Amino acid sequence: EAQVTQNPRYLITVTGKKLTVTCSQNMNHEYMSWYRQDPGLGLRQIYYSMNVEVTDKGDVPEGYKVSRKEKRNFPLILESPSPNQTSLYFCASSPRGRINEQFFGPGTRLTVL
Amino acid sequence: ELKVEQNPLFLSMQEGKNYTIYCNYSTTSDRLYWYRQDPGKSLESLFVLLSNGAVKQEGRLMASLDTKARLSTLHITAAVHDLSATYFCAEAAGNKLTFGGGTRVLVKP
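First to last, the sequence lines map onto chains B and H.
Be aware that the first sequence starts at 1, since it is given in our numbering, and climbs by one per residue.
Be aware that the second sequence starts at 1001, since it is given in our numbering, and climbs by one per residue.
Just so you know, the hints here were simulated from the structure itself, not pulled from any lab data.
Every value quoted in this text rests on a predicted model; they were computed, and no experiment measured them.
With a straight-line Cα cutoff of 27 Å, these simulated DSSO-like cross-link-like pairs (lysine-lysine) come out:
hint, chain 1, residue 1, chain 2, residue 2
1, H, K1003, B, K65
2, H, K1003, H, K1068
3, H, K1096, B, K57
4, H, K1017, H, K1056
5, B, K69, H, K1096
6, H, K1017, H, K1108
7, H, K1003, B, K57
Could you build the full structure based on these sequences and the hints that come with them?
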């Protein structure tokens, strides 16, 4: 089954404790992206990757890091989480140049205390 | 900077009546997408609008695109409870999707 998986699905942590949210897709997609969703603001793009070892900033990259060492994985790293990073995070993937075919993962709800 | 604005942010509907959600965007993009999100769930693609004048329909939902006015609309005909969800429009520019703030729809009997 074609899918984008995220782990964990729910996470409560404390300020400053480094964490990683994993994202994996099994569709051999070149393009992967991370979004955060906050009430009234829709989804805002954090980082995206056009292919292995190619990443670029989205609209709200501050406080986040990503890496793309393998085509299927695109982890989101919060080196020192802060309460304003409490949000719902979505990973998505699509074939190159076909952004309208983005598959979204199930979401990760993160709370930073 | 891309900007996408949806109106209204919340829409309380009565079953059987018609409603419209508006999506204004800031660039000359001719690619506009609509998504649906059920509570606690991920996003589901509804429509892809790729040119001026494009109209797509699926069941009680119809989406249209006017690139000259930079406006897309999502029209709901004879609302039913199953349509309760949050609807997002998104504009594409290059490899970037910019989303509107979402319209939360609640259909009451």
